[in-house]
Amino acid sequence: MSERPKLIIVETGVANLASVRALAGRLGLEPEVSADPEVVARAPIVILPGVGAFGPAMEKLANAGLDRAMRARVGAGLPTAGICLGMQLFFEESEESESVPGLGILKGKVTRLAGRLPLPQLGWNRIEPEASARLLEPGWVYFANSYGVDAVNFRAPDGSAAADAADVTDTAGVPGLSNLASTRPGGAQFSTASASTIYGAPFISAIEGWRDGKPNLLLCQFHPELSGPFGTALFARWLELNRLRSLQ
Amino acid sequence: MSGLAVRIIPCLDFKDGRVVKGIKFENLVDSGDPLERALVYEEQGADELTFLDISATVEGRKTMAAEVARIRLRLSIPITVGGGIGSIGDAGRLLESGADRVSVNSAAVRNPSIVDEIARQFGVQCAVVAIDAAKNDAMPSGYEVKIAAGVVPTGLDAVAWAREAASRGAGEILLTSIDRDGTSLGYECELTRRVARAVGIPVVASGGASKLEHFLEGYRSGASALLAAGIFHRGEVSISEIKNYLASHNVEVRL
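Chains as they are written, first to last, in the numbering used here: chain A, 73 to 320; chain B, 3 to 257.
Derived from the structure by calculation, the hints contain no laboratory data.
Wrong hints could be hidden among the right ones.
Claimed, not checked - Restraint ranges, calculated between C-beta atoms of paired labels, are given here:
{"#": "1", "chain 1": "B", "residue 1": "G144", "chain 2": "A", "residue 2": "E167", "range": "31 to 41 Å"}
{"#": "2", "chain 1": "A", "residue 1": "G97", "chain 2": "B", "residue 2": "N138", "range": "46 to 56 Å"}
{"#": "3", "chain 1": "B", "residue 1": "L75", "chain 2": "A", "residue 2": "L316", "range": "15 to 25 Å"}
{"#": "4", "chain 1": "B", "residue 1": "E238", "chain 2": "A", "residue 2": "A305", "range": "31 to 41 Å"}
{"#": "5", "chain 1": "A", "residue 1": "S171", "chain 2": "B", "residue 2": "S4", "range": "29 to 39 Å"}
{"#": "6", "chain 1": "B", "residue 1": "S4", "chain 2": "A", "residue 2": "E167", "range": "13 to 23 Å"}
{"#": "7", "chain 1": "B", "residue 1": "P114", "chain 2": "A", "residue 2": "E170", "range": "26 to 36 Å"}
{"#": "8", "chain 1": "A", "residue 1": "S171", "chain 2": "B", "residue 2": "E238", "range": "52 to 62 Å"}
{"#": "9", "chain 1": "A", "residue 1": "G127", "chain 2": "B", "residue 2": "P114", "range": "19 to 29 Å"}
{"#": "10", "chain 1": "B", "residue 1": "E238", "chain 2": "A", "residue 2": "E202", "range": "55 to 65 Å"}
Virtual Cβ for every residue (Gly too), placed ideally from N, Cα, C.
Chain A extracted, bound-state conformation:
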């Protein structure tokens, strides 16, 4: 039996990972849950899943040294995905837990969804990628969120922010990460494209981040693992564009 490539799911302390594991299976990957910073920093593919609240999840990551591991791997351009809360954690802060800083890999603040519609937003809504998106496609996806990144608030890191993305590569004190740090592409081109969704007001529902011709970063406010064939296809394309899966 040939060994299937591993997909590392970052342990954030909540049990409900069965759907993400099932997604890995559909992609032909072997899911493995890990809270080991070295594993998370270096693994070929990592997903930061998202259930629970911003503050406790971020504290859990920080206590295990996983915050620096996440910054290191993104700084090194390794394929990394965040789902739902896992996307929100990439930002600087959240209204959900004001006193706890996020990973700060992307600029911006997570806020409670505006308007008088029922919260959480629970169900299927459309994502509309901006014209420059090369990975994200328009379609119906499944959401379960009360917070999100305001479309007005989001500052897309273009040329000037490339340095920001590199700056967060902080590996000090994480054992075994010095090699990774040296591969960090300093001023390499880092560009993003986003998709937005309307629930009362528009919010950022997905972000693709490109470096060296690959979309190393894929953040989804929705749940690709629960979004039917559309979600599976998005992740399959992501793996293909990262040369981690051959086109079928």
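The hints should help you fit chain B onto chain A, whose structure is shown.
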């Protein structure tokens, strides 16, 4: 405006690992293998599935968790599981098996703090409170909560209980009209309207839908999602027929 689609949710009642459907919570009829059913409904455009475990035994519950795990591997839409969840441990086991949300009913009435606990430990989006309500003019809203499969009156007002559940951290109310369940008479829209107006969380209407118009009425009464069982199991109305009908009335659906 909301771009969110109204959800169509087939509900599968499980007894000892098999799908059954009761009429007014009695007279159970076996209607098939759960995985097969689940995949057919996903293919037909179901927006999520709800499983209700009506097994009365510990063995039956174990079978349920195993079935959820088996179905999870193949199904790529959300699953809510309810029925007989009496503790945070029960909820955790089902979530670990592959449920995305759990619904609590009788246990929440007996011990409301279970709602807070599920919300705190697993997130509000995981915490569904199922309310079975029947008409009772003695209640302020005109509807009373019943528990233990809809047979034991509680003296609780349905709207007041829904409001309390929401304030304790429920992320959704699954609202079943006992009077309408299995009758084919359509949703109890007055009940749905009153509860949906009282809470700031999504409400799933359940009980009585048998015709296309019933789904439109349910939507117009304020439901975020529309649940049905028998009509899907018996193949009387397809999910795509319902969605096309709703779309023709300018209701947002996922087609």
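We went through each hint and held it up to the structure:
no.: 1; hint: G144(B) / E167(A): 31 to 41 Å; result: holds (38 Å)
no.: 2; hint: G97(A) / N138(B): 46 to 56 Å; result: holds (48 Å)
no.: 3; hint: L75(B) / L316(A): 15 to 25 Å; result: holds (22 Å)
no.: 4; hint: E238(B) / A305(A): 31 to 41 Å; result: holds (32 Å)
no.: 5; hint: S171(A) / S4(B): 29 to 39 Å; result: holds (32 Å)
no.: 6; hint: S4(B) / E167(A): 13 to 23 Å; result: holds (21 Å)
no.: 7; hint: P114(B) / E170(A): 26 to 36 Å; result: holds (28 Å)
no.: 8; hint: S171(A) / E238(B): 52 to 62 Å; result: holds (54 Å)
no.: 9; hint: G127(A) / P114(B): 19 to 29 Å; result: holds (25 Å)
no.: 10; hint: E238(B) / E202(A): 55 to 65 Å; result: violated (44 Å)
Checked against the numbered hints above, the structure breaks only hint 10 and satisfies the rest.
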